[in-house]
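We have chain A already, so just place chains B and C on it with the hints.
Chains as they are written, first to last, in the numbering used here: chain A, 1 to 496; chain B, 497 to 804; chain C, 805 to 941.
Listed next, the in silico DSBU-like pairs over lysine-lysine satisfying Cα-Cα at most 35 angstroms (straight line):
id: 1; chain 1: C; residue 1: Lys-889; chain 2: A; residue 2: Lys-294
id: 2; chain 1: C; residue 1: Lys-889; chain 2: A; residue 2: Lys-389
id: 3; chain 1: A; residue 1: Lys-384; chain 2: C; residue 2: Lys-889
id: 4; chain 1: B; residue 1: Lys-754; chain 2: A; residue 2: Lys-352
Counterexamples of contact, computed for chain C against chain B with all Cβ distances above 10 angstroms:
id: 5; residue: Glu-844
id: 6; residue: Ala-845
id: 7; residue: Leu-902
Hints in this document: simulated from the structure, not taken from any laboratory. Here the structure is a predicted model, which means the values were calculated and not measured. All C-beta atoms, glycine included, are put in the ideal place defined by N, C-alpha and C.
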Amino acid sequence: MFEAFISGLTQVLSFPAFAFMMLGMGVGFVVGILPGLGGATAIALMLPFIYPMSPVEAVAFLLGMHSVCATTGDITSILFAIPGEPSCVATILDGHPMVKKGEAGRALGAALFSSLLGAWVGAFTLAAAMPIVRPLVMAFGSPEFFMIVFVGITFMSSLGGGSMVKAFAAAALGLLISMVGCSPHTGTLRYALGQLYLWEGVPLIPLVVGLFGIPEVVEMAVKGTSLAEVGPMGKVVGVMEGIKDTIRHWGLVVRCSILGALIGIIPGLGGGVAQFVAYGHAVQSSPDKERFGKGAVEGVLGPGAANNSKEGGALIPTVAFGVPAGATMAILLGAFLIMGLVPGPDMVDPEKHADITFSMVWTLVIANFICVGIALLFLNQIVKITRIKGTILIPFITLLIFLGAYANDNNFGDIISVMIFGLLGWAMVKWDWPRAPLILGVILGSLAENNLYISTARYGATWLGRPIVIILIVISILVIFYPFWQERRQKQKKVA
Amino acid sequence: MVGYSPGGGYDAYARLLARHMGKYIPGNPTFVVQNRPGASSLIAGNHIYSVAKPDGLTFGTVVRELYTRQLAKEPEVKCDWAKFSWIGSATSEVYVVMARAAKGVRNVEDIKKLPQPLFWGETVMGVGPTLLARAMEDTLGLEFKFVLGYGSSADYAMAMERGEIDIMGGSWGTLIAQRPHWLKEPRLVNIIMQGGIKRSPHLTDVPALGELVTSEKDKRLVLLIDAGNQTARPFIGPPGIPQDQLNLLRRAFDSALKDPALLSDAKKSKLAIDDPLTGEDCAKLAKEIVNVSPDDVTAYQKLLTQKK
Amino acid sequence: MSAGLFPWVIAGPGLILAVILLVRDLKSGTKGDQSGPSPEAEAATMRLELQRTVNILAWIFCFFLGIWLLRFSVAIVLFTFLYLKFQSKDSWWLSLLLTGFAWAFFYGLFVRILHLPFSEGQLFLWFPWLPSLPWLG
Numbered sequence: 001m002f003e004a005f006i007s008g009l010t011q012v013l014s015f016p017a018f019a020f021m022m023l024g025m026g027v028g029f030v031v032g033i034l035p036g037l038g039g040a041t042a043i044a045l046m047l048p049f050i051y052p053m054s055p056v057e058a059v060a061f062l063l064g065m066h067s068v069c070a071t072t073g074d075i076t077s078i079l080f081a082i083p084g085e086p087s088c089v090a091t092i093l094d095g096h097p098m099v100k101k102g103e104a105g106r107a108l109g110a111a112l113f114s115s116l117l118g119a120w121v122g123a124f125t126l127a128a129a130m131p132i133v134r135p136l137v138m139a140f141g142s143p144e145f146f147m148i149v150f151v152g153i154t155f156m157s158s159l160g161g162g163s164m165v166k167a168f169a170a171a172a173l174g175l176l177i178s179m180v181g182c183s184p185h186t187g188t189l190r191y192a193l194g195q196l197y198l199w200e201g202v203p204l205i206p207l208v209v210g211l212f213g214i215p216e217v218v219e220m221a222v223k224g225t226s227l228a229e230v231g232p233m234g235k236v237v238g239v240m241e242g243i244k245d246t247i248r249h250w251g252l253v254v255r256c257s258i259l260g261a262l263i264g265i266i267p268g269l270g271g272g273v274a275q276f277v278a279y280g281h282a283v284q285s286s287p288d289k290e291r292f293g294k295g296a297v298e299g300v301l302g303p304g305a306a307n308n309s310k311e312g313g314a315l316i317p318t319v320a321f322g323v324p325a326g327a328t329m330a331i332l333l334g335a336f337l338i339m340g341l342v343p344g345p346d347m348v349d350p351e352k353h354a355d356i357t358f359s360m361v362w363t364l365v366i367a368n369f370i371c372v373g374i375a376l377l378f379l380n381q382i383v384k385i386t387r388i389k390g391t392i393l394i395p396f397i398t399l400l401i402f403l404g405a406y407a408n409d410n411n412f413g414d415i416i417s418v419m420i421f422g423l424l425g426w427a428m429v430k431w432d433w434p435r436a437p438l439i440l441g442v443i444l445g446s447l448a449e450n451n452l453y454i455s456t457a458r459y460g461a462t463w464l465g466r467p468i469v470i471i472l473i474v475i476s477i478l479v480i481f482y483p484f485w486q487e488r489r490q491k492q493k494k495v496a
Numbered sequence: 497m498v499g500y501s502p503g504g505g506y507d508a509y510a511r512l513l514a515r516h517m518g519k520y521i522p523g524n525p526t527f528v529v530q531n532r533p534g535a536s537s538l539i540a541g542n543h544i545y546s547v548a549k550p551d552g553l554t555f556g557t558v559v560r561e562l563y564t565r566q567l568a569k570e571p572e573v574k575c576d577w578a579k580f581s582w583i584g585s586a587t588s589e590v591y592v593v594m595a596r597a598a599k600g601v602r603n604v605e606d607i608k609k610l611p612q613p614l615f616w617g618e619t620v621m622g623v624g625p626t627l628l629a630r631a632m633e634d635t636l637g638l639e640f641k642f643v644l645g646y647g648s649s650a651d652y653a654m655a656m657e658r659g660e661i662d663i664m665g666g667s668w669g670t671l672i673a674q675r676p677h678w679l680k681e682p683r684l685v686n687i688i689m690q691g692g693i694k695r696s697p698h699l700t701d702v703p704a705l706g707e708l709v710t711s712e713k714d715k716r717l718v719l720l721i722d723a724g725n726q727t728a729r730p731f732i733g734p735p736g737i738p739q740d741q742l743n744l745l746r747r748a749f750d751s752a753l754k755d756p757a758l759l760s761d762a763k764k765s766k767l768a769i770d771d772p773l774t775g776e777d778c779a780k781l782a783k784e785i786v787n788v789s790p791d792d793v794t795a796y797q798k799l800l801t802q803k804k
Numbered sequence: 805m806s807a808g809l810f811p812w813v814i815a816g817p818g819l820i821l822a823v824i825l826l827v828r829d830l831k832s833g834t835k836g837d838q839s840g841p842s843p844e845a846e847a848a849t850m851r852l853e854l855q856r857t858v859n860i861l862a863w864i865f866c867f868f869l870g871i872w873l874l875r876f877s878v879a880i881v882l883f884t885f886l887y888l889k890f891q892s893k894d895s896w897w898l899s900l901l902l903t904g905f906a907w908a909f910f911y912g913l914f915v916r917i918l919h920l921p922f923s924e925g926q927l928f929l930w931f932p933w934l935p936s937l938p939w940l941g
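The shape of chain A in the complex, shown without the other chains (with noise of 0.2 angstroms):
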């Protein structure tokens, strides 16, 4: 096994391979940035280049392209606030007010750092796993993926900021957003008014890219600032004091990653999850929560890090089972095939493709390094962009929403979504509702139901009594009584 270690490091440095990771890599940093343009349809195509290559040089490609992704996805969602990949939502909530704090250097610095240390974590935990993958993640059946689920939705009562009523209330409509389309129980079509456009569900992007970015653009513009409010006279903080929060959270930052690449490792669940664990983490760990929402440096660590460290554990079922753990994996799963690489026991056999496995770690590593390594050396010069006027860049953010939006699915009705979301997300702002909940809701919807769904009918009532079911229960619970149990120390303490 030690020897497939170092050579997969040797054969991602040897010469065609690094320069197609290099490659790679700036393919993915223009996608990571662009909104709804998502990584995979970036990786699908580029399918037809990696033909001629050998194993080891497409997989420096496509996972250099891939790790990037996450990365720079964070710098949109943070400037803009409108998400460059889908897992990069949670780190507009903190993220951007930073911005308008005219923190935005050291936003972006926190963001790419924390992505950086999520990344290697994330690369570890792939590498640490290995031999003991298949037994690990043959015991996770439906009913664990239901509970974690669960889990996920009861971290929104921490994504409230505010009122934990009006959370729940916008978690509650995220749910039945995510109802709409074929009910897997039936195959009725629910809630689609007779629309094609609505039979696979409400799309996702152009909801998130409407949600968050058209309510930006109407405050940019009533406002009448550049994206950074303070005036002349408040100060540009800059990127380093982004990095040394990120070592002085270290704490936070290691537990968020590893919370990403456990997530990560549930096929399914993924990037719209993990992130919003480690927001949820965040807000939790921390003595004063009034300040999230309104621009903490650790509600952008937290997501930061485990949006990036869930790519290492998404590798974990694709390359040993040949399960996707989300989209992006499914197409990566193909890469593979192409490449006559079988996932399955042999990737993690040392006499067979072991090493392979090991090259997608130190991809994972080294591309990420030179990356935040980069981008933080642009940063202050792409920090200058929130100076500029606001009514120059309305223009442009605006194009960029609907363009991405449509570059989802190539539908005109993802253009009439990001509207409808648009409007929905400016009256959410404009009456103080969170919208964090809302797309925890969408995005765990139909998981949760599916889940519940197979669990019923594959166990009847007695998936309850699994092992794993019954921690998560137990941690369900700690998680929503937790804030409470902290109001009453505090106030305790008070008296005392």
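Positioned in the frame of chain A, the structure of chains B and C alone reads:
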């Protein structure tokens, strides 16, 4: 035009053809692949049928069982399977029914002997493998408990490995390409049966559903289900493409599928090119499907939902 | 579990809650800034806010209409230029330059590299005799 997002099987075949078909058409045009996903390729299907111009410049690929919705008379179907300008089908496929070896089930008789129904895993009712499952129920007197809601075939394949489901249906090609370890000793699964009227030349020691059913009516039902597999990767254009244009496209399609460069790429990508069908044969088949008797349609429609 | 049951069990109570809260919010007015300016100044600010909100929403809606009626490429060029010149009050030179940049970005990436399918604008479908400028993309 592909009715699915990039990365899936239909997209892969489309891009394969896009790369190699141009050289068989005078002027060596470049093919551009556009994705128009939605409603399990029905959006693309409708688009190709009514919006695309029949000038021979646009054609696409959709799910092989698109005719199911037409037979079920769903109102959203705005296209006619038989009226498309058929260019051809890149390959045919065989569906097999696999059961976990641990259940000790080797054939249909063994299934009948079990005290409890087997758990059959799938995404939703109405897709290819479930049609086969329901046909087995209706024609052979079996009973399954359907466990639905899995996100994709990869998800229920994993459930199979976990023992969460006992039996599933899927393409034979995909099984040997992506999950060969299922068949290596100790086997994970036994192949119970294959779909279709008769045994495929690739799989001669597994009984076909067509052999196991007796009545003519049942045999017609089996044919109707399997029709999709004969045109497993269909390529269609809008109705009304001028005949010489259509012939040009058809011949280019056929030649491309014999092109050594295409075949070598296909082999690398594990895309099978088995028994491709010419446009003419596809069109004939499509006509037969669409014109089945109302009784047969009723029997078919019963397969789309679980037994009451 | 029937298809319709699960959503209502989960979301029903949540929605009822949401409606109650919404009504309560509407009654108590929007969240306002509590600090200092005088009532007249505040009223003026609110009027300005309202004006600008309507303005930007109208622009966005017109962009949307443009995409539908004229298709993406034409809408992008028109919207960018008109907004920059007349709303943002930038110079002719800057507006044209930035519009060119916007179009180039759209055309280069989304048309040439990605080959995304863009349908014809509805207006040109209704009135085929109108010049639809196909070279714009």
